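This is what each chain is made of:
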Amino acid sequence: MRSILHFTNLFLNQYDIMKKYSNIYKIGLAMALVVMTSCNDFTDSLSDLNKNPNAYEEVIPEFLFSNSMLDGVAFNFTNGADGQHFIFAQAMQQFSTHSEVRGTGDKYFNESAARNHWAVYNTALADNQRVINRVNEDPNDINMLSAARIWKVYLFHIVTDVHGDVPYFEALKSSEGMLQPKYDTQEAIYEDMLKELEQAAAAFNPSLPTFGPSDLFYGGDTGKWKKLANSLMLRLSMRLTEVRPDLAEAWAKKAIAGGVILEDEDIAKVNYLDGQIEHSRNPKAANLLVQDYQNPQAGVSNTQGGKFAETFIEHLKMTGDPRLNVISVVWISNPDGNGYVYDTATNIQRGMKSGALFGEPEDFHTYSEPHPNTVLSYASPVLTMTNAETNLLLAEASIRGWYNGSAKAAYEDAVRAGMRQWALFGDEGIIATEKIEAYIARNPFMENGSFDEKLEQISTQKWVSLFLDNYEIFSNWRRTGYPMLVPTNYPGNITGGTIPRRLIIPDSELNLNEVNFMDAFNRQGVDNLLTSTVWWDPKFPK
Amino acid sequence: MIGIMNIQAQELALGDDRQVGYVKKKVEINNLKALIKTLEPMYEVSIVCNSDLVQTKIAYEVSDKSKSVEEHLTKLTSKSNLSYHKLDKDFYVITNKKEKRAINSDAVPVAVPYNKSHESVKKEAYRVEKIEEERITGTVSSENGETLPGVNVLLKGTNIGTVTDMDGKYVITTPTSSGTLVFSFIGFSSQEIPIGGRSIINVTMVDESQALGEVVVTAFGLERRKESLVYSVTEVKGEEFTKSRETNLANSLTGKIAGVNATSMASGPGSSSRVVIRGNGSLNGNNQPLYVINGMPISNSPSTVRDQANGATTDLGDGISSINPDDIESISVLKGGAAAALYGSQAANGVILITTKKGTRQKKGIGVELNSNFTLGTINIFPEYQYEYGQGSQGVRPQSQGEAISTGRLSYGEPMDGQPYVQFDGVERPYSPSNIKDNIKAFYRNSTNIVNTISFAGGNESVIYRASVSDLQSGAIVDGSTYDRQTANVSVKAFMSDKLSFDTQIQYNYEVGTNRPGVGYVGTNSAWGVYLLANTVDITDLAPGYNTANGQEVEWQHVNQATNPYFARDRMGNQDVKDRVIAQGSLTYDLLPNLFIKADFMRDFSSWREEDFYPVGTAFRPLGTYRSQEELRTRSNGRLIANYNTTLGNGINLTALIGGNLERDILDASNLIGSEYIIPNWISPVNLNILAPSKGFFRTGTNSVFSSLDFNLKETYYLSITGRQDQFSTLNPGNNKIFYPSVGGSVILSNAFSLPDVINFAKLRGSWAQVGSATVNAYAINQLYGFRLGGHLGVPVQTSSSAISNPELRPLTSTTTEIGFDAQFFDNRFGIDFTLYRKINQDDIVSTSIAPSSGATSTLLNVGEISNRGIELLLTGNPIRTSVFSWNVSYNLAYNKNRVLTLAPGQATGNSSLLGKDSSTRFGRSYQYTEDGITIYNSISGYAMKGPTMPLGIGVPPYTMGFENTFTYKNFSLNALIDAKFGNQFFSQAKQYMWRFGFLKETLPGRDNGLTVDGVDENGDAFSKNWPSSFMSTYYNNDGQYATNFMIDGSFVKLRSVVLNYNIPVDKLNFVNLTTAQISLVARNLAILYRNSDHFDPEQGSDPNSNSQNFSGVMLPRTREIGFNLRIGF
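If you're matching them up, the sequences are chains Y and U in order. Under the numbering used here, residue 542 is the last one in the first sequence; the count climbs by one each step, no gaps. Under the numbering used here, residue 1130 is the last one in the second sequence; the count climbs by one each step, no gaps.
Think of the hints as simulated: they come from the structure by calculation, not from any bench. These numbers were taken from a predicted model, which means no experiment stands behind them. Be careful, since some hints might not be right.
[Said to hold, decoys possible] Capping the alpha-carbon separation at 30 Å, the derived lysine-lysine pairs in DSS-like fashion look like this:
#, chain 1, residue 1, chain 2, residue 2
1, Y, 254, Y, 317
2, Y, 182, U, 1025
3, U, 917, Y, 539
4, Y, 254, Y, 269
5, U, 917, Y, 353
6, Y, 182, U, 917
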């Protein structure tokens, strides 16, 4: 800089005429030089310019695994805003709406949002694959690899359950240049997923490092991951009862022998916080709040016109289910005249008819909504695999003769677990033991019933116990046909008045992976509609 | 720039050291005769004077440091009562100042005329002197009111003449009061004005824009004679943008230039403009041209922000919207690659060169100019709603307040009968459309636009300067929405010596946008509610849109995202403030008379702050939202060029240029996104439960070297060769360099051959050029990971992108081949300029969608190949040209055919593929038909099946044209511009929703007795279904799926601008000292002469960031603006 100015002076002195301007000139030049040299952009090399100072270029497996888990469990609900929630929770008649907007699930209109789950491929599954690619080299990373493999199965089983044949073996390999993965049959996918669970569970080595606290389920407890793998194996095996009972039986037995989640402390769940970090608030609660049940309008009016469905509320009332009072409220005028307060009294709970004719009813505010301090609590957890479900799976295994334990005991344990778990949602979710036992006494397991009656009882209990786990409720309903739901037949619905049985694979696959998509499309012969079916579905054409 | 530099060099050279024979000798002179005798041989000139003056005593010394002869004479006459006149080249007359007559009959030569040829002149002079003489004075100015120094003034048919002085003033003494004065000046049409006995004749010179010898600004601000160019360039004078003005300058280009497609966005004042030259070249880049001001690039990214909770887009303008039209001298558009090659990669889409006004030398004082413009805008088009069936659903009107809210946007009720029915607020009002047909008018106001600019210009031998300040205040048609812009512009050029000059321009902008309207989708978009309100509800009943006690939004229908329009307008808010400085300085140094070097530095710096919010009480976000964004954006360029000019002999002239350029762009952004206000009605980031900051920092750089060689043989044959190498920071070393050449030639046929007399000028040109480019964002080649802010319950959480990086990317190449022809006929009254071009972009870097099942949704690939071919035609005419009336007409037409030639493997195929189609093709699904055209129905649902995805239309019009007429009658002129575009379509989301909600006539069939649909089912069997009338709401709602229903034809012919101008004859207004005064009635978008669009203006507009321009959400209605413009110079 100094030398440049010096040079400038020399240069200027050569020209007498310029002397009187030289000050202005020097100042001008100096300013220009200061501007140019003060920004190192001109001195940094071009490749240095292309480094983002605010991003990192390496995968940190544990940190990215957390992201995959957060995305993955949120997928069960939030993606596509009024998407899956309204398809499944409404189609399964737990929620209903007076809205006629194309997204509604209780009237079987939903087509656009029925494509949104596919995005799990490029979010939770893609991140998990990046983690796998990082930890599959070093044998010391085996615990991380196993957890990631189990998590991959969890994510993938939903994909195939809602879509049928999907890319599996060749999927998630864009970084290796595989941009058009083949579609695999659901049968092959199931076989591999079961194998993966077995292998991953077997590979855990408690003496080696884990994801530690980044493992949002278990903080790195490999024993609990093993139970999760077996529980998932049990869920998957039972899915095959109608299509491959042989496989179902073999894998169910293997899962049970391996040990499933039975204790409350083994529940696979992600915890959240009612704090100032948005993504650390329960995504299901946040979604329901944003979409519908936001205070201070609660009860009076809401965006999607949503309420609890009559079918669900009536069932809870009919069975005297104490869960009614921890999940459902009616907003009533505050006695002090200031706004509304919620009331959990059983007698005033009522659900809105599914698929009712369009238009907000006059008595809209008198219908039940989710409880603000349990279902809608930001601090509530997302339950991914519970002992309520495993016990119901055991009960079913028992009535099928694949499990030696008592179906009744398993069923009752399931009920107890399913009621206890509401305590996780907040203090207002605690259900007294007496109420639980009273419910069991009022609704005893039908030990002397037929197989179908038992299956119905177990499946209906699953419908209630897995409330909010809409994917699993939907899959179980398709497989067993329980609970028996009366479809709605709203004018102009797109399923011919039948409850949807599949989600739709988005056009991106038809456009960008056409050959493989069409292969699968033709192979299955069920089209790509809400009325299509998947291989394990008893309604799948044989 | 070359032109100016050369003139300057010449002037200065005369000033000092002219080496003529006698200069060193000191001559003492005591009378005029002696002086004349000394000067005549010394300068090889002839000087005469009246005989009675020959012995006039003077004291004068011709010193060693003597000046030119004219300077001597000036010096002499300034000290005495003598004055001198230049009668001819090297021929002067000295007279007595006091005498009225310049030269009397006995003027005699002092000596034998030095120059023999002056003999006859002298005789002529003597003859002339015998006649009574007239002294005529006046001022010569240009059309924009600037006085013109150096204009030649000649008495027609004689050699009597003079030139205007620094103030454009002239004095000429003529022997007659009935002759004709001829005013001529380079770049302007010569004017012949009969004296008609007047003693003051002020003249406005008319720009000779279509004629020969036109000088245009090309790369780096260098001025070139238009006829020497080997490529197509069009220049538009700044004048054309100031009267009938647009707040965004670029919008004014529409219809002006063949091949330049300028589109304004229907998103309020201060919004962006979209300019595309010769079609979209790239699928990925923004395809807009590079804007260059006085030789330096500015940044021009359209900025939009999306409503953070919903979907409306707010258009915050672009880089070009900061420029004040009053500061513009001219705009040149370089369309082809050859024109742009020297500007490098960013010029692949063409270059728009803006030259700002400079100061002018004046003898005394400064020139002041004031321009005021006021316009009022009114909505020009309203949709055609049906007013037969009123609010309701399923054929029934609302029976309760709840139903009235549920059906707030639905008109599927009963036939209107005027009976009272309950509305959204529980109040009963008639079931009729009275007052409702004016809902749109009732919600909006007139837009206003007020611009005042004052400029000062002046200069002397060593400095010329111009300064202007401008104030723009505009109000959108949405109440409370304003955009204000203050601009200050300073231009100084200092001539430090005969060799060194310094040139600087600094522009400072302060722009404030308040409550800019959201457009597109719901949320902050008040138009959504305005256009989609049930047809028996008076919109004013929705006001004020909120409960004044608690701020709660009043719901008018049940989908809360669709905000109450009054709430969106008055309660939601945004404000953005931009400070922008565009500063540049350059030093030019003449190493030799024919070699100069020039160093430039420029920085476009802008600081932008934006804040927007939903208040507490918003139905969709009851706790409110908040966002603030801050951006520092800079574009810096440093450049060094050397320019050498020489004559090689044999009439070949060579100009060589070599240079280097460094460009650095930075975007440094900080955002805060929050929600849940703690204390209601206090909009502040410190008053939030949730607040998340984020930070973005993007730097890119390009290093370039370039060179050009221009050969010129006898001003008849021209050859131009350029070469440039760019190196990009956004690509990996090894792949990041590209060299690209261009070559072009032209022949002036009218010089080379003897052509028929009717052809005044004819030129053939051809060029081939490449431009390399890297349309890649910073860091796009790196796979990057971020973190979730705050982690999750104490655990850090890493995030990723669903795009996979491609480190192998390399630059793309745009190759333009162009041939053209231009000619002038019939005394330059008619002209034609025709261009045929082909532009192929290869290795286009395309953000390629990939099947999400691969684990990513997109990647960047060098795969695209897009071609644009087209023609451009300009016809000009001056059918009538008399001293009182003239008619100028110009017509331009361009046709561009855009085709995607290759795409990546794995891209959409078949009907939904862009391959072989226009890159702005809109795809969608229609009904499914059999081969015989019979509709196929889904037997389960009874709806028509959706057909396959298919092309529905293209978004960018292939045909654009402009037709301009200017009539001048004495002091009046009338200018009218008609522009037209044809051949494009866009999908209108507004129409889709209006249809679905039953507002359109198309949804009337079946309302009375139901609708029977006939066709075949999936299996080809006959199918028929009767939809009862109560199902019509669902039936037509389902129609929303068939995109063909909602395509709108974008073709139009518009009366784009009309200016009726009156030049007040200031010379007659003796009580004020004005140099110019003009008053104009102005109008923009006065009328749509042709359209084929339903419901909307065919330019209903779209996202400025969108290349395809084939989609429109619910936008602001378009307006026609009418107002006036006043310009005063003194």
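How the hints compare with the structure:
| no. | hint | in the structure |
| --- | --- | --- |
| 1 | 254(Y) to 317(Y) | violated (38 Å) |
| 2 | 182(Y) to 1025(U) | violated (40 Å) |
| 3 | 917(U) to 539(Y) | violated (43 Å) |
| 4 | 254(Y) to 269(Y) | holds (24 Å) |
| 5 | 917(U) to 353(Y) | violated (50 Å) |
| 6 | 182(Y) to 917(U) | holds (29 Å) |
Hints 1, 2, 3 and 5 from the list above are not met by this structure, while the remaining hints are.
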